[in-house]
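**Student:** As they're listed, the protein sequences go chains A and B. With my numbering as the guide, the letters of the first sequence map in order to residues 170 to 640. With my numbering as the guide, the letters of the second sequence map in order to residues 11 to 235.
If you're looking for bench data, these hints aren't it; they were derived computationally from the structure. Note that beta-carbon positions come from the ideal geometry of N, C-alpha and C, so glycine has one too. Since no wrong hints were added, every one of them can be taken at face value.
Example chain B residues on the side facing chain A (calculated, C-beta under 8 angstroms, incomplete):
#: 1; residue: V21
#: 2; residue: L22
#: 3; residue: V28
#: 4; residue: K111
#: 5; residue: P112
Here are the simulated DSSO-like cross-link-like pairs (lysine-lysine), alpha carbons at most 30 angstroms apart as the crow flies:
#: 6; chain 1: A; residue 1: K415; chain 2: A; residue 2: K446
#: 7; chain 1: A; residue 1: K437; chain 2: B; residue 2: K148
#: 8; chain 1: A; residue 1: K415; chain 2: B; residue 2: K148
#: 9; chain 1: A; residue 1: K437; chain 2: B; residue 2: K210
#: 10; chain 1: B; residue 1: K150; chain 2: A; residue 2: K422
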Amino acid sequence: MSIRLRLFLILVLATGAVWASAVVWTRARTEAHVERVLDARLSEAARMVVSLIADNSIDLGAAAGVMEGAGTETAFAPAADYEHRLSCQIWSVEGGLLGQSEGAPDGRLSSNSSGFSTSDVDGQAWRVYTAEDPDLGIRVMVADTRAMRENLVGSIITALVLPAGLVLPALLGLIWISLGRGLAPLDRVARVLSNRSASDLTPLPDEPAASEVRPLIEGLNGLMTRVASARESERTFTAFAAHELKTPLSGLKTQAQVAAMSPDPATKDRALAQIQKAVDRTDRMVRQLLDMAAIEAEVAEAGEHPASIAPLLADVMEDLASLARVKGVALHADLKESCVLQCSRPLLLGTAVRNLLENALAAGPQGSEVTLTMHAVEEGRSCAIRVRDHGSGIPLDELALVTRRFVRGRQAEGAGSGLGLAIVDLAMERLRGRLSLTRAEGGGLLAELVLPCLSGHVGPAVPDLQASPAK
Amino acid sequence: MRILIIEDDDVLRDGLVVGLSFAGFTSEAVATRVEGEAALEAGGFSGMVLDLMLPDGSGLDLLARLRSRGSTLPVLMLTARDRPHERVAGLDGGADDYLGKPFDLEELAARLRAILRRAEGRADGRIAWNGLVLDPAKMKGEIAGEVQTFSPKEFAILRALIERPGAVLGKSALEERLYGWEDGVESNTVEVHVHRLRSKLGASFIETVRGAGYRLAPPTAKETA
Numbered sequence: 170m171s172i173r174l175r176l177f178l179i180l181v182l183a184t185g186a187v188w189a190s191a192v193v194w195t196r197a198r199t200e201a202h203v204e205r206v207l208d209a210r211l212s213e214a215a216r217m218v219v220s221l222i223a224d225n226s227i228d229l230g231a232a233a234g235v236m237e238g239a240g241t242e243t244a245f246a247p248a249a250d251y252e253h254r255l256s257c258q259i260w261s262v263e264g265g266l267l268g269q270s271e272g273a274p275d276g277r278l279s280s281n282s283s284g285f286s287t288s289d290v291d292g293q294a295w296r297v298y299t300a301e302d303p304d305l306g307i308r309v310m311v312a313d314t315r316a317m318r319e320n321l322v323g324s325i326i327t328a329l330v331l332p333a334g335l336v337l338p339a340l341l342g343l344i345w346i347s348l349g350r351g352l353a354p355l356d357r358v359a360r361v362l363s364n365r366s367a368s369d370l371t372p373l374p375d376e377p378a379a380s381e382v383r384p385l386i387e388g389l390n391g392l393m394t395r396v397a398s399a400r401e402s403e404r405t406f407t408a409f410a411a412h413e414l415k416t417p418l419s420g421l422k423t424q425a426q427v428a429a430m431s432p433d434p435a436t437k438d439r440a441l442a443q444i445q446k447a448v449d450r451t452d453r454m455v456r457q458l459l460d461m462a463a464i465e466a467e468v469a470e471a472g473e474h475p476a477s478i479a480p481l482l483a484d485v486m487e488d489l490a491s492l493a494r495v496k497g498v499a500l501h502a503d504l505k506e507s508c509v510l511q512c513s514r515p516l517l518l519g520t521a522v523r524n525l526l527e528n529a530l531a532a533g534p535q536g537s538e539v540t541l542t543m544h545a546v547e548e549g550r551s552c553a554i555r556v557r558d559h560g561s562g563i564p565l566d567e568l569a570l571v572t573r574r575f576v577r578g579r580q581a582e583g584a585g586s587g588l589g590l591a592i593v594d595l596a597m598e599r600l601r602g603r604l605s606l607t608r609a610e611g612g613g614l615l616a617e618l619v620l621p622c623l624s625g626h627v628g629p630a631v632p633d634l635q636a637s638p639a640k
Numbered sequence: 011m012r013i014l015i016i017e018d019d020d021v022l023r024d025g026l027v028v029g030l031s032f033a034g035f036t037s038e039a040v041a042t043r044v045e046g047e048a049a050l051e052a053g054g055f056s057g058m059v060l061d062l063m064l065p066d067g068s069g070l071d072l073l074a075r076l077r078s079r080g081s082t083l084p085v086l087m088l089t090a091r092d093r094p095h096e097r098v099a100g101l102d103g104g105a106d107d108y109l110g111k112p113f114d115l116e117e118l119a120a121r122l123r124a125i126l127r128r129a130e131g132r133a134d135g136r137i138a139w140n141g142l143v144l145d146p147a148k149m150k151g152e153i154a155g156e157v158q159t160f161s162p163k164e165f166a167i168l169r170a171l172i173e174r175p176g177a178v179l180g181k182s183a184l185e186e187r188l189y190g191w192e193d194g195v196e197s198n199t200v201e202v203h204v205h206r207l208r209s210k211l212g213a214s215f216i217e218t219v220r221g222a223g224y225r226l227a228p229p230t231a232k233e234t235a
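Next comes chain B alone, as it looks inside the complex (with noise of 0.2 angstroms):
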């Protein structure tokens, strides 16, 4: 899953892109309102995590914008300020969830998985297919009665497939969905991946389509979630 975060303060904003990956969020991360809308412009962006005053403006502002634009991007705004009608001008200002700095980080990681899987249209945390009931907030799988953990580069491309089961990801999305990695991304990388998540779900789990990218194999009969 691929965050914004916008936020000034270096040293949170570091720590947040840093912390986010463990949690298996890929994020880019930018200081002010004005490159934060140049990145949202570029798109690519699963939810954001936006701090309420920038040196050039306000979040707030930066989310009315986004949100007359139509778009449904989930975010969590993250802020000094947060008594309560402070919370209530966030939320009704078109964020999707508010945390008061400072947070937890495992908060702040569940926040957001929390407010992606519905905009997904999903409640319950878990996402099930084709025999694998996987537990994001936990980077593990269980398929055939046995657990699986994820590094967190594997879980993110596992992740960007079981998104939506049945499409083609290319190569070039799922690298998106890695590209933050302070180790960068390598050619091979995303061949890798794959190819360890297939050794732990089995060959067939994956499916490669020639010359477009990979997919999740449709669901055997007896096991559909």
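If we strip away everything but chain A, and leave its shape as in the complex, we get (with noise of 0.2 angstroms):
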């Protein structure tokens, strides 16, 4: 349903109760008002006939000759509807009929002594006023009827509600139109939205709008900031992402051709040797952009579990044992406290913690040592995970670029994808944690995270944790 609609069925549903109980209320008023009136008109009337009795001005014989001659041709006549509204019956006290006005009912029109009565004559409703003269031993009786008074309130309802029935469609039309004129921004917004592709990110046209629609505009051109950005950021990464892999792949067909083509066998063997090098740097290549992706994608989960960090570091040690082994590094572990995480995906950290080992076996030189510590910080709130590497460290004007996706260092050597930084990083973002690089003292790089956890949930960790060197 358009909002259109829905505010003009608000609209009209709500003046049409008001009006409704505005009717009710003045017929309530107006009923007793009129009834009001008319019993003080019967009771004076009454009053009147008995006056004019005890005064003798009238004789009751002639009066009764009088008042049946009355009504058809008297000349007091305000208005035809209200003619022959009044009827009078006088009655003696013992009971006979003393004369009647025209028009009153032949049955008696009250059995009361006196005072306001209704009663039912002749199948009609009749409000009867009885005046007693105990004196004259009359009883003057003075009565409408109901049907007048219906009819009378009934008009004047009516001459209130049909006016305003006659305005109610123009009423109508007017809110209706109102409605439209009102909606107007709205509906620029929605057509301007409607026209354009969807593929066009480029933000609204910044026009004067009402203040309600104005934060509408906004969060929309502020929405498609944000989805041009992030659809530019994943354009760049894979068009990096190709490009990054055609150099290993150049290296791949290179080193092919050179064994095709060498003459001996020890030239062979050494080309197949870097084939494999070469496949296991792409492996790792797409394995980060794999983790990468997973990530980037990753929304937050609504559940935040808690989840003790020791296991991961130790599942992360012993997953890379083997790659220590080979390089020459002696990997070492010391996680002495052990923290607990509050987030949706630990698994992330064990994704970070690997990446920032790998570049520490990497490069640290054959012989060296690489240590994985862990403890709390800030009396308990954070866990600092540190890995520190004998390297040559990151020169310090690199130390800001190498988070950067496909960024590699001076030293690296092209070893790298330029990618394990920026995957750190991008998990310490998840984690709302924060990673850090510094020139380790006596040399080499000292990677450190820092991660909120749960408080009191420091306690001693798993046994050392030791991956060495073959001897």
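Combine both chains into one complex, guided by the hints.
**Tutor:** Written out as structure tokens, the structure reads:
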């Protein structure tokens, strides 16, 4: 249902309800008022007749005659509608009918001896006032019909409601048009949006808009900017990834051709070894690309669970033990305290630490040592995980750049994909942690991850993990 | 022909050095722009294979600096970015040729030969001297109606001599041409290869200039190419 129709119906119903209650109220008030006025008239008329008789101004017998003659030719007729609306009967106290007005029913109007009463005579409802004069021995009854009273109230109400009824369609029309005009800014936005192609992410035209619509436009523009930048970074990433894969592929192809062309077995073997190296490296790069895509696609999951860090790190250490042996680098873990992480995807931390350790193993010269340590900081509110190597480190001017995608340090010599630290950085962003890289004292790189963790969940970690190079 | 290779991926770099050696090129390979500039400073290269994206800067910057110094060194640009506008940027940036990764080793060698011979002012791939028609692409020569094949090292020396026929090349200059082969240069290597060349081309094709080095003998009148 459109907002316009919805508003229209609400307004019509509200207006209708207000009007209906006004009519009901007016009717009740009018009825009460009319009742009072007409009752007063009845009693007044009755007393008037009594006083006339008492003064002997009229002879009862003559009066009866006059009354019989009156009516049809009376000059005093206020309006045709209200003619013969009052009926009068004069009864003797003994119960004899002394006289009655024209139009009065034949039956006795009231059995009451005095005061107001309601009666049903000849099939009609009457309102009667009886005035008794014991001295004269008469009862004067003046009455009008209920039907007349209802008719009167009805015509008053009709007179009130009828013009309103005539105005109603005009009012509805006005409401409909006003709603249309009032909602025009929204319509404009809707029209602009529906005319755009799905890939058009340019901001909406910045024209003066109603204060209610402005947040909508601003919200949409903000959203579109975010979508555009996300799409742009995705595009850049894909393009970069494709380019970055071309270099190792190129190495593979060249070495394969070398192997095919080589005249001697030694050169061929060397080329094959290079091919193996390139395949390993390409494999790692593809894995990192997938890691990155997985972290990027990660949407905050609803449930955050506490997860102990130490077992995660133990898994990573185990995975990298063979790599450390191949490189001839000693890999030590010193996990004094284990912290508990509150997050939806603790595995991201494993990915981050794995990348740091792989970098450290690649950087450290043969026979050197890579250490992984963990301890609580900030009074147990955070957990610091440190990876330190004894390689050549990262030059100071590169420290800020290396977390960007596909940025390789000068000393990396093309061995890595340029994605490792970018993955760590991204994972830290998702885990609300941070990565800092500093030059370690005595050379080498110190990479530190600081993560918020559940305070009071610091305990002794799993036994020392060691992975040493084969002796 | 001694080639400078600047490529940061070590597997590819190694493949280029070995692969180009099969085509008779001697190469020196470095991984970064800084090392590349140092090597260019030292000189002695007939051409360069340059990667566009280096860890410490763009190959295009290095090329621009090289050209601004007035160098006409033939440069073949090697890059993963091979969309048309990127090729245009590379060629306009001073590269003589442009090859997208991954490439074919033989094509690379052929393109290198092409830009090198154009730099020497020749359009024909073959070089003729004193009755010898040398085909660098095949590392073969034809002399007196007979086809001779050469080993890469023999070819490297012959190629060096035939580039400037008549000029004397010292032993060290010839050794430089051989520098980069993985087995190193032994003291007698140049003599050994010259000896083998003489046995293939005739004893008088290469002259020894006492105390100076070697040169190709001037052509006999009837055999001028």
